[in-house]
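Produce the entire structure from the sequences given, and follow the hints as far as they go.
Same order as they appear, the protein sequences are chains A and B.
Numbering of the first sequence is given in my numbering, commencing with residue 1 and proceeding in unit increments.
Numbering of the second sequence is given in my numbering, commencing with residue 1 and proceeding in unit increments.
One thing to keep in mind: the hints can contain errors.
Note that identical chains are pooled: a pair holds if it fits in a single copy or bridges any two copies.
To be verified - Here are the computed lysine-lysine pairs in the BS3-like style, where the Cα-Cα straight-line distance is at most 30 Å: (1) K469 with K43; (2) K123 with K469; (3) K101 with K146; (4) K43 with K384; (5) K43 with K464; (6) K58 with K328; (7) K134 with K86; (8) K15 with K58; (9) K101 with K200; (10) K74 with K194; (11) K11 with K112; (12) K132 with K194; (13) K112 with K58; (14) K123 with K194; (15) K43 with K86; (16) K86 with K485; (17) K11 with K43; (18) K58 with K43; (19) K384 with K328; (20) K43 with K287; (21) K504 with K74; (22) K265 with K485.
Keep in mind the hints are simulated off the structure, nothing from the lab.
Single-letter residue listing:
Number of protein chains: 2
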Amino acid sequence: MAKQSFSSYKKLLAKMKNIVTLQSAAAILHWDMETMMPPRGIKLRSLQLAMLSRIGHKMSTDPEIGRLLEETNKHPEYSRLNPVQKRNLYLIKKHYNEQTKLPEELVAETSKQQAITIDTWKKAKAAKNFPKFKPELEKLFSLKRKAAEILMEVKESATPYDALIDIFEPKMTSEKISNVFKELKQGLVSVLRKCEASQKHPDTSILNRRVPIETQQKIAKVIAEFIGYDTESKKSGGRIDETEHPFTTGYYDDVRITTHFYENKFASAIFSLLHEGGHALYEQNLKPEWIFQPVGDACSMGLHESQSRFVENIVGRSREFWIYLLPKLRKIAGKPLSDVHLDDFIHAVNQVMPSKIRVEADEVTYGLHVIIRFNLERDLFAGKITVDELPQVWNESYREYLGVDVEDDSEGVMQDTHWASGLYGYFPSYALGNIYSGQILATMENGLQDWRDPISKGDFRNVKQWLVKNVHRHGNLYDPPDLIKIINGKELSVDPYLNYLHEKYSKLYDF
Amino acid sequence: MAKQSFSSYKKLLAKMKNIVTLQSAAAILHWDMETMMPPRGIKLRSLQLAMLSRIGHKMSTDPEIGRLLEETNKHPEYSRLNPVQKRNLYLIKKHYNEQTKLPEELVAETSKQQAITIDTWKKAKAAKNFPKFKPELEKLFSLKRKAAEILMEVKESATPYDALIDIFEPKMTSEKISNVFKELKQGLVSVLRKCEASQKHPDTSILNRRVPIETQQKIAKVIAEFIGYDTESKKSGGRIDETEHPFTTGYYDDVRITTHFYENKFASAIFSLLHEGGHALYEQNLKPEWIFQPVGDACSMGLHESQSRFVENIVGRSREFWIYLLPKLRKIAGKPLSDVHLDDFIHAVNQVMPSKIRVEADEVTYGLHVIIRFNLERDLFAGKITVDELPQVWNESYREYLGVDVEDDSEGVMQDTHWASGLYGYFPSYALGNIYSGQILATMENGLQDWRDPISKGDFRNVKQWLVKNVHRHGNLYDPPDLIKIINGKELSVDPYLNYLHEKYSKLYDF
Chain A
1 MAKQSFSSYK KLLAKMKNIV TLQSAAAILH WDMETMMPPR GIKLRSLQLA
51 MLSRIGHKMS TDPEIGRLLE ETNKHPEYSR LNPVQKRNLY LIKKHYNEQT
101 KLPEELVAET SKQQAITIDT WKKAKAAKNF PKFKPELEKL FSLKRKAAEI
151 LMEVKESATP YDALIDIFEP KMTSEKISNV FKELKQGLVS VLRKCEASQK
201 HPDTSILNRR VPIETQQKIA KVIAEFIGYD TESKKSGGRI DETEHPFTTG
251 YYDDVRITTH FYENKFASAI FSLLHEGGHA LYEQNLKPEW IFQPVGDACS
301 MGLHESQSRF VENIVGRSRE FWIYLLPKLR KIAGKPLSDV HLDDFIHAVN
351 QVMPSKIRVE ADEVTYGLHV IIRFNLERDL FAGKITVDEL PQVWNESYRE
401 YLGVDVEDDS EGVMQDTHWA SGLYGYFPSY ALGNIYSGQI LATMENGLQD
451 WRDPISKGDF RNVKQWLVKN VHRHGNLYDP PDLIKIINGK ELSVDPYLNY
501 LHEKYSKLYD F
Chain B
1 MAKQSFSSYK KLLAKMKNIV TLQSAAAILH WDMETMMPPR GIKLRSLQLA
51 MLSRIGHKMS TDPEIGRLLE ETNKHPEYSR LNPVQKRNLY LIKKHYNEQT
101 KLPEELVAET SKQQAITIDT WKKAKAAKNF PKFKPELEKL FSLKRKAAEI
151 LMEVKESATP YDALIDIFEP KMTSEKISNV FKELKQGLVS VLRKCEASQK
201 HPDTSILNRR VPIETQQKIA KVIAEFIGYD TESKKSGGRI DETEHPFTTG
251 YYDDVRITTH FYENKFASAI FSLLHEGGHA LYEQNLKPEW IFQPVGDACS
301 MGLHESQSRF VENIVGRSRE FWIYLLPKLR KIAGKPLSDV HLDDFIHAVN
351 QVMPSKIRVE ADEVTYGLHV IIRFNLERDL FAGKITVDEL PQVWNESYRE
401 YLGVDVEDDS EGVMQDTHWA SGLYGYFPSY ALGNIYSGQI LATMENGLQD
451 WRDPISKGDF RNVKQWLVKN VHRHGNLYDP PDLIKIINGK ELSVDPYLNY
501 LHEKYSKLYD F
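So, in structure tokens, the structure goes:
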């Protein structure tokens with residue numbers, strides 16, 4: 001660090017601190033809305049959130065930020081700023097330029113249309129009626145396209161869609177993704193075919209045995225303890241609450257996760273908790289010294305997803321994890337699970353089976369769901385297909401990639417909330433997360449040869465510390481392509497992930 | 001209503017809506033801090049709340065409000081505004097004038113000093129060490145005095161202390177309070193002496209029988225149902241959460257209450273719930289059409305307290321309420337309470353007994369605790385006593401009024417959070433609430449002769465509807481002295497409350 005940073009730089013950081021503080025307050029209001037709020041509070045809550053978002057936008061586009069950035073650039077001490085300080089300035093400038101380029105009217109209109117489109121989506125999905133959804137989706141898509149075209153210039157992206165991808169995965173492009181997803185698809189289909197051809201198939205009926213919610217809540221505590229998400233201590237305890245769609249939110253010392261509990265799908269709570277736990281560990285272990293600075297954020301949605309899927313799948317669906325957890329599960333659940341054998345159970349939670357619903361997909365087919373969405377988004381923004389054609393192309397893709405027939409659009413093109421919420425360019429992050437997690441695993445296996453054995457004893461500390469040191473503590477110091485190179489020594493590559501899948505599933509399916 | 005209100009008036013209301021929306025968001029963050037937040041989240045939360053309070057102050061002192069007020073006053077349509085609209089303008093102007101007169105520095109310094117004084121109070125209270133608390137209390141008191149002197153001019157109050165009282169109880173003065181508290185003291189002491197002289201005393205050991213928390217939570221639901229605070233329905237359900245110090249917060253459709261549960265003090269949860277329920281009913285039943293308008297608020301802290309104490313004491317400690325609740329309590333709690341008789345129980349929850357702690361005081365002695373605090377505040381602001389002398393004067397007053405010896409300052413002058421929080425002028429509201437509740441009861445008994453009988457059958461609807469119509473729906477249309485006259489036809493008067501106490505306790509204590 002430069003011993004003494006100068007006043008305009010400090011003023012910029014103070015402004016960032018205010019913006020982050022406001023956003024963290026809005027995050028708690030969002031969390032409350034999903035977990036605690038009486039349903040009829042929704043009208044007032046919408047007003048509160050819209051107001052905080054307006055105030056936040058105003059703070060983010062305060063012309064004083066522009067002036068301070070200029071002043072800082074011209075300052076004689078500028079060249080003596082250290083890389084962390086320079087990264088902060090880069091991120092502040094990027095965010096400011098983007099935010100100020102978007103006309104306020106467009107921002108307001110988009111946020112209004114989003115609310116309408118989500119509402120219509122819910123109704124249309126329930127009614128299995130895409131034509132009802134279509135006009136509102138078209139309006140939102142066209143607003144998002146306008147924003148994408150504006151951002152494309154600021155971000156110097158090759159296409160509008162690239163500009164949207166950059167929001168979630170900086171410096172990633174649709175071309176790079178297309179290439180890497182082509183390889184990914186090949187690899188996934190190859191593993192899938194081998195699993196399908198195997199004679200060995202799991203009995204997944206174990207997973208539908210009735211396990212009372214109270215039992216599942218006890219299991220949840222064991223898992224929280226395993227990952228080091230301390231729920232007991234009054235001083236540092238993290239929250240675990242219940243929502244239909246599990247999520248992680250919060251900032252530094254107040255990160256919160258949710259999960260869901262279904263009596264006849266007890267494993268669902270376990271994997272949701274591990275998944276959100278992975279996200280939470282990332283957020284909780286960002287560098288404390290960087291709190292409130294742009295560099296103190298997580299790197300990208302893809303990296304975030306790499307952490308959740310690492311903990312959920314690479315750890316949580318491993319043999320070693322179940323050596324540890326199954327006896328506890330048997331003990332706590334008693335009769336419903338007393339006759340379950342380790343090998344049967346591990347295979348059951350790792351069943352590979354093409355399906356129609358992304359969020360229920362296994363590790364092997366999950367990527368295929370994501371690739372389909374990426375292709376559709378890319379072609380939609382390139383004008384190769386229209387909103388009108390989405391259902392047809394969707395259904396054809398599912399037949400081609402997964403061999404399944406989509407019977408109605410509620411289990412097809414309308415299954416996810418992302419497009420109704422205006423989150424175009426977000427989907428690739430899910431598959432990129434898997435790819436990153438493979439590269440992270442490959443590096444970890446070099447440094448921590450014996451990482452599996454302690455897991456079977458319930459000891460996750462080594463792995464966690466490794467992730468903290470090698471992933472979390474970098475915060476947002478690098479863009480994803482640089483970070484993955486720093487971690488793995490290599491550019492983005494699907495090979496480690498595919499190798500991991502091949503090794504794991506060849507054992508499970510005997511190929 | 002004027003058919004068409006004009007633009008400057010509408011703009012003012014829009015500004016008020018923003019301020020209220022922001023305040024309601026801050027209220028949820030406060031609630032979360034007390035109920036849900038992991039303790040280590042406190043640092044971030046303090047920043048969030050300080051930021052929202054800064055933004056709120058800025059919105060409240062926006063010079064545009066001043067300009068719009070002037071424009072509205074001069075508008076040719078001004079005289080055609082209806083009383084509700086004129087009241088809105090009056091309240092907007094009052095609030096704006098007061099807020100703008102307080103220098104921002106003083107506001108900021110006070111809020112900083114408050115945090116320090118509260119923190120010191122907690123430590124000093126635990127250490128039973130007033131001298132530790134004293135210097136920080138002096139600093140806060142002197143800042144509050146400065147604010148009071150400024151507000152005194154704007155509010156045209158006779159003394160600085162009067163200006164502070166006016167914040168919580170508009171148009172109330174220390175002179176009026178002194179007079180009415182003199183009568184109140186006489187009346188309370190007279191009832192107290194008669195109770196003390198009686199041969200009949202309750203056995204309160206029943207109240208210390210161990211009732212498991214789970215049982216108490218079931219009872220809490222019965223009480224919530226009784227007052228019509230719906231906790232079950234997904235659509236309109238209100239929350240009941242647990243905090244050491246019960247409170248009510250929220251706005252219109254999202255009002256929330258808390259209570260506490262102690263195994264060996266089960267009645268405490270019941271009366272806390274009834275008390276907070278009384279507050280909640282008031283907030284939930286403000287006029288829906290007036291949401292976001294100044295006139296849509298509750299009238300004053302005293303009126304608020306009248307509602308909580310009406311439900312807690314006049315209803316909740318009545319014979320009829322226990323005719324209804326005791327069988328349920330026996331049924332739900334089983335053995336610990338199976339041999340409890342109605343008469344014994346009613347007397348136990350209405351025991352009159354001088355004590356040192358205000359929040360544990362009975363209906364008769366409660367007012368004496370409040371009067372002591374009022375006298376001390378008044379004399380402090382008049383310069384008749386110093387902060388240094390507070391413990392001595394406190395202890396002398398307790399000996400004189402209640403005949404109890406205060407052994408250390410943690411159960412004496414340091415027992416309440418109010419002075420450490422800068423809430424001078426708040427205490428009188430508690431006793432005024434009792435006085436108002438007596439006048440409200442007197443009017444209700446004229447209109448609803450048969451209000452007691454349905455209560456014994458668990459039917460609170462008539463009473464509730466009466467309170468909604470005669471108290472809640474007036475919102476903040478009148479200042480307290482006018483409202484109580486509208487309700488009761490008379491000025492503030494202690495007689496109805498003293499009559500109520502006399503009638504009730506003469507039966508319980510046979511005098």
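Quick rundown of the hints versus the structure:
no., hint, verdict
1, K469 with K43, "between (43 Å within a copy, 25 Å between copies)"
2, K123 with K469, "neither (45 Å within a copy, 38 Å between copies)"
3, K101 with K146, "within (12 Å within a copy, 46 Å between copies)"
4, K43 with K384, "neither (39 Å within a copy, 51 Å between copies)"
5, K43 with K464, "between (41 Å within a copy, 26 Å between copies)"
6, K58 with K328, "neither (52 Å within a copy, 56 Å between copies)"
7, K134 with K86, "neither (45 Å within a copy, 48 Å between copies)"
8, K15 with K58, "both (12 Å within a copy, 17 Å between copies)"
9, K101 with K200, "neither (57 Å within a copy, 80 Å between copies)"
10, K74 with K194, "neither (61 Å within a copy, 84 Å between copies)"
11, K11 with K112, "between (33 Å within a copy, 22 Å between copies)"
12, K132 with K194, "neither (41 Å within a copy, 75 Å between copies)"
13, K112 with K58, "both (17 Å within a copy, 26 Å between copies)"
14, K123 with K194, "neither (40 Å within a copy, 68 Å between copies)"
15, K43 with K86, "between (42 Å within a copy, 27 Å between copies)"
16, K86 with K485, "within (20 Å within a copy, 67 Å between copies)"
17, K11 with K43, "between (36 Å within a copy, 21 Å between copies)"
18, K58 with K43, "both (23 Å within a copy, 25 Å between copies)"
19, K384 with K328, "neither (53 Å within a copy, 69 Å between copies)"
20, K43 with K287, "between (37 Å within a copy, 17 Å between copies)"
21, K504 with K74, "neither (55 Å within a copy, 80 Å between copies)"
22, K265 with K485, "neither (39 Å within a copy, 62 Å between copies)"
Checked against the numbered hints listed earlier, the structure breaks hints 2, 4, 6, 7, 9, 10, 12, 14, 19, 21, 22; every other hint is satisfied.
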